[in-house]
Amino acid sequence: MVAKRRLIFNNRNVWGLKFIGLIALIIILVLLPLVVKSPYHLHLLIMVGINTILAMSFVLMFKTGLISLAIAAFWGMGAYSSTLLVMRAGLSFWLAMPASAIIVGMIAFFVGFVVVRNAGFGFLMLTAVIGMLVVTVFGNIRWLGGYQGIDSIPAPDPITIPFIGTIEFVSKVPYYYLILVLLFGTTLAFCAMYAAWTGRAWTAIDLKHHLAEAVGINVFRYRLLAFVIAAVVAGYTGSFYSHYIGAVIPGTFDIFKTIYVHIYAILGGLQFAIFGPIIGSIFMTLIPEFLSITQEIEMIITGVFIILLILLLPNGLMSLMDLRGKDQILGGVLVNTGTAIQSTSSYLEHREEKKVILRLRRLSKYFGGLVALDNIDIDVVESEILGVIGPNGAGKTTLFNVISGFFPPNNGQIFLDGKDITYLKAHEIAQLGIGRSFQLTSLFMSLSVLDNVFIGCHMNYKSPFWKRWLRTTSVLEEEDSLRLKAMEIIRFMGLESLEGELAKNLPHGHQRILGVCIALAVNPRILLLDEPMTGMNEKEVETMMHHIRRIRDSGITIVLIEHNIRTVMNLCDKIVVLNYGRKIAEGLPETIRKDEKVIEAYLGREESKRYVA
Amino acid sequence: MLTLFVQLIFDGMGMGLIYVILAVGLVLILNVSKIFFIAYGQFYMVGAYAVWGGSVILGLPFIPSLCIAVLTTVILALMSYRLIFHYIQYMEKQFLAMIVAAIGLMMVLGQAGLVLFGTSPRGLSTIFPGVVQFAGINVSIEKLVLIGLALLITLAMFFVYEKTSIGWAMQAVSFNPEAASLMGINTQRIYLVTMGIGGALAGFAGGIMAPVYAAYPEMGQEIILSVIIVIMLGGMGSLVGAVLGGIIMGLTLSFGQYFTGGLVQILLFIIVGIILLVRPGGLLGREAKIDL
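Chains S and L supply the protein sequences, listed in that same order.
Using my numbering, the letters of the first sequence correspond one by one to residues 1 to 613.
Using my numbering, the letters of the second sequence correspond one by one to residues 1 to 292.
Hint data in this document are derived by calculation from the structure and do not stem from the laboratory.
It is possible that part of the hints are untrue.
[To be verified] In silico BS3-like links for lysine-lysine, alpha-carbon gap of 25 angstroms or less:
1) Lys34/L to Lys257/S
2) Lys37/S to Lys172/S
3) Lys163/L to Lys208/S
4) Lys574/S to Lys594/S
5) Lys208/S to Lys539/S
6) Lys485/S to Lys504/S
[Claimed, not checked] Simulated coverage check for chain S against chain L, where a stretch passes if three residues somewhere in it have a Cβ under 8 angstroms from a Cβ of chain L:
7) 125 to 137
8) 259 to 269
9) 298 to 310
It should be emphasised that the depicted structure is a prediction, and the values quoted were computed from it without experimental measurement.
Heads up, the beta-carbon is just placed ideally off N, CA and C, and yes, glycines get one too.
Start from the sequences, fold in the hints, and give me the full structure.
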């Protein structure tokens with residue numbers, strides 16, 4: 001147990017082994033030009049470097065759940081802008097390269113601002129349009145050389161580096177070292193981003209973007225960030241490419257180039273953000289070399305290779321050398337409520353005075369002609385459990401979706417502590433302290449229990465973002481303290497024996513509890529629980545009720561949707577009954593139990609007469 | 001002026017209907033089998049070469065060579081499904097894996113065309129010579145036959161998809177394969193049938209194009225981009241949208257080419273971009289949801 005916890009806590013230790021391997025790799029790569037003398041083979045290595053960086057930027061987009069077909073387009077923009085800056089504006093290459101990266105990044109920001117809003121297929125298609133448009137635009141602008149492009153682009157100026165001397169770009173070797181530096185730089189930057197909170201946010205968005213929003217992650221912003229970073233990376237790679245080749249031709253940057261880049265990444269293995277692209281592009285560049293036949297036959301054989309690889313190794317070449325173990329499956333461990341109570345933590349501060357914390361006024365929501373919510377007025381009093389019941393289709397879940405910002409209401413207002421939060425986005429509402437769980441079990445299934453809750457702690461960081469990327473000691477300490485907080489929540493909910501288990505391996509009851517844990521991680525003042533007890537057996541329901549009471553006792557207000565009337569009557573301090581989008585009753589459990597309208601709504605008019613009589 | 005207008009409409013319709021057939025085929029495959037079948041353009045190329053081979057090498061008349069073309073592409077499509085995509089259907093992240101496999105297939109078929117037939121275009125002598133004159137407007141009979149055949153096959157496709165039990169089964173599988181298989185539909189067979197129909201449509205389109213233009217190795221790669229744009233324009237997953245998109249595309253190209261020259265493509269991309277921004281699912285499409 002202790003050893004396992006150490007492993008989870010100090011993933012810094014794992015770096016030891018990787019570090020040695022990395023140093024060895026760097027030494028080999030640095031010394032490689034001493035062995036590889038032929039300019040042609042050096043050229044191949046340089047192209048591998050370029051393709052690797054491009055493939056890495058594709059994987060970055062893919063990590064956020066988007067497939068971009070515009071990578072070669074941004075690559076081309078980088079190449080063209082750098083070429084123009086050097087040839088027309090007379091800038092030095094060493095200024096033009098970062099400048100072109102910035103230009104491409106700015107273009108990507110404005111394009112992405114529109115494009116990234118469309119996730120999934122819409123995004124794929126829009127980026128495809130960009131990818132095709134760029135070639136046509138370059139080809140049709142005369143002062144960019146049309147479809148012939150621009151040639152005789154000057155080599156980079158000689159550069160003097162302390163301790164090494166002046167480097168002139170006459171042979172392929174300096175270019176090799178330059179692309180090596182770019183590759184290392186990109187790799188380091190990507191590693192830092194993946195290891196830091198950005199990586200976790202991207203993973204969360206990829207796995208379940210609505211859950212990511214519910215824990216306060218701004219999905220749009222993080223996707224835009226990935227889009228811009230991918231473009232910047234493609235931009236400076238393009239700048240390097242144009243000066244290395246000495247010419248730019250629009251056809252080089254067409255959508256098929258992007259597709260090849262995708263193949264490099266996919267064949268390498270998509271779950272390996274760094275080594276997948278490297279292995280993939282080495283493989284794809286070297287196959288034709290080993291075959292050494294005419295180009296047409298070579299393409300055919302490459303095609304056959306691609307098909308065979310995807311059939312035989314669907315997870316990519318890297319999966320051959322994947323040293324990470326298979327998912328470990330622990331036996332189902334029953335939650336022992338008795339001991340769980342002992343470990344009640346103090347992270348949730350108590351609030352004493354009772355007041356209305358959430359106020360809904362004349363809230364309405366229509367779906368086309370269907371009225372899902374009709375002029376709902378509800379006051380939620382602090383530190384109480386409010387039950388929302390009603391027959392199927394009464395609008396309960398819609399109510400939650402409107403409160404938590406997933407759907408904007410058509411009418412009405414929502415106040416949190418007197419502040420109007422009606423039209424805020426889901427992640428903003430989460431940041432203001434409304435946590436929610438989902439009706440269908442919604443977890444980051446391929447992550448461990450601890451990581452699930454840890455992602456939920458997303459917005460509790462205090463240190464500035466650049467420090468978080470650099471992973472200074474203070475940031476690592478902060479992350480450890482956040483992990484501790486996540487562990488405390490897990491312990492509070494009685495899942496501590498399962499913290500290293502993958503969410504998908506948990507039994508259903510524990511998955512529901514984990515859903516509540518994630519909602520708790522956002523530091524909520526109000527917790528919206530959407531049928532937390534569905535599909536549970538009696539014992540599990542008991543446990544869950546116990547947990548809910550304890551959450552309430554720690555000062556968090558709870559709004560609860562539940563079907564099981566007996567549970568609701570037992571648990572809730574107050575009950576609201578919805579039917580056909582209308583509030584038909586409100587009051588203490590006893591009054592609701594006797595309310596004629598409620599009985600009618602549940603049993604129908606005829607039945608209810610008999611029942612009441 | 002009117003003459004020119006009608007002439008351009010006929011030109012646009014001729015090319016547009018080819019887009020329509022290919023787009024309908026690709027949408028079917030995309031919708032039912034969930035394969036982003038980027039190798040589809042190469043099937044079109046195979047169809048064109050088969051017609052050329054049938055009429056020039058074997059000396060057959062046009063219709064039998066068209067049958068040969070359709071047969072060839074159907075067999076090729078069925079084989080590629082059964083030997084490749086069938087095994088990817090059940091993988092994780094299968095959508096991406098399918099794209100990659102399709103790209104591999106595209107490389108193999110495209111390069112095979114290049115190796116077997118060389119880079120020079122293989123043209124046919126016109127099969128329906130002559131020109132119809134109508135109120136001062138000249139339209140070649142060939143183009144009329146092309147338009148007629150294309151319309152016929154599109155209507156037949158719609159009939160199959162909307163009115164026959166196999167079409168209903170295809171629709172059911174496209175909505176929810178699991179539910180469809182629980183209702184007693186053999187989904188594997190539907191996938192095969194869809195691929196077969198898709199292959200037939202591509203072979204047919206290539207076949208009727210061969211006499212008008214010519215068969216050349218890059219024709220597949222060139223047309224697939226236009227077909228994808230047509231699908232985006234009309235709407236993912238909508239057959240009517242594919243028809244609409246194809247006709248809009250054909251007309252835009254023929255008019256744009258005449259009036260603006262090379263800028264027509266930029267114009268087209270901008271139009272498509274704006275349409276996609278306003279309606280991410282395309283003109284008539286529901287927003288396609290595909291698990292990546």
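Hint compliance check: list the failing hint numbers for this structure, sorted ascending.
3, 5
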